[in-house]
Amino acid sequence: MTWLTIIIAGIITYFMRMTMVALVDRNLLGERVKAVLAYVPSAVFPAIIFPGIFINDYGTFIEMNDPKIFGAIVAILVGYFSRNVIATIISGLFSYWIIIFLL
Amino acid sequence: MLSKKQIFTKGILAVAPHMFSVIPFGIVCGAIGIELGFSPILVYAMSIIIFGGASQIVFLQLLSGGASALIAVTSVGVINSRHLLYGAVLSEYLEKLSFIKKLLISYLVVDQGFAESNKFFQKNKNETHLHYHLLGSGGTLWVCWQISTLAGIILGSFVPEELGLKFAVPLTFIAIVVQDIKKLDHVIVMITCGLSSLLFFDAPFKSYIIISPIIALFVAALVLRLKK
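Protein chains in written order, with our numbering: chain V, 8 to 110; chain D, 129 to 356.
Hint data in this document are derived by calculation from the structure and do not stem from the laboratory. Cβ coordinates follow ideal geometry from the N, Cα and C atoms, glycine included.
Label pairs and their in silico Cβ distance ranges:
no., chain 1, residue 1, chain 2, residue 2, range
1, D, M129, V, L35, 25 to 33 Å
2, V, S89, D, I176, 33 to 41 Å
3, V, I106, D, K229, 43 to 51 Å
4, D, S167, V, L35, 43 to 51 Å
5, V, K41, D, K132, 24 to 32 Å
6, V, F101, D, A349, 38 to 46 Å
7, V, I106, D, V315, 21 to 29 Å
Required output: the full structure, derived from the provided sequences and hints.
Below is the structure:
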């Protein structure tokens with residue numbers, strides 16, 4: 008039963024990936040829609056970033072002094088100035104660890 | 129004009145830095161599945177069949193919490209519906225591929241691969257073998273996801289929860305969008321999305337993950353109109 012559920016979930020996920028690429032004709036989209044689509048990364052990724060920082064594993068809001076907020080600020084600053092993905096991730100993780108393990 | 133191999137390599141190199149977040153997250157994902165009491169084969173099979181980090185964790189958590197199969201499947205569908213947006217963006221660059229190739233390449237599209245390949249596509253619109261970038265980025269992420277979830281399944285409870293490795297996920301996406309905070313229009317869209325995601329976090333089936341982008345895209349349309 009669980010196997011069947013996984014396979015159905017997989018098929019649905021695949022259809023989400025495939026539909027717009029393979030089944031929808033790009034020319035159906037007007038110029039205005041295409042202009043709006045340029046914002047997709049900025050419109051989608053914060054929905055992963057914000058809950059990943061501000062909401063804990065139990066689905067509740069974190070305190071404002073939570074180390075994840077500090078880690079995220081460090082990552083934003085390092086990322087902005089270094090333009091380096093590895094530096095962004097590592098600086099964020101390390102600053103987070105420093106606070107939870109050393110302070 | 130770049131060769132297929134050059135573009136493929138660029139795709140691999142573009143996502144390679146994200147391994148610092150994908151690998152820890154994959155390990156956590158595998159470990160959680162085992163911790164929740166599912167069989168190793170089942171947990172691993174999801175990495176091939178679903179191939180989507182967050183949705184795999186949610187799926188197993190729901191099932192182990194006693195939710196019905198219908199709720200678990202619906203949640204996976206809702207979480208991964210953001211791929212409709214990625215597909216709409218990518219379709220412009222994959223237009224010329226044959227139908228079969230479109231069907232095959234779609235399987236490899238995940239968040240980081242979409243983000244990095246889309247950046248490359250925007251700057252290199254005139255290249256002929258654009259899709260090789262997506263093959264490089266998506267293929268690399270696929271291989272790393274398989275290895276890391278497998279490692280998590282084997283390591284299981286050896287992965288200390290205190291490390292908070294899941295925090296690597298928001299960090300990798302910060303790295304993707306951080307250069308756009310120079311642009312006011314993008315900042316408005318990002319903040320709209322971020323605040324909406326917190327506001328709608330408790331909406332059923334994790335639908336905040338698609339509700340907030342839709343709200344943010346409406347705001348983007350408004351911003352575009354004001355800019356004119």
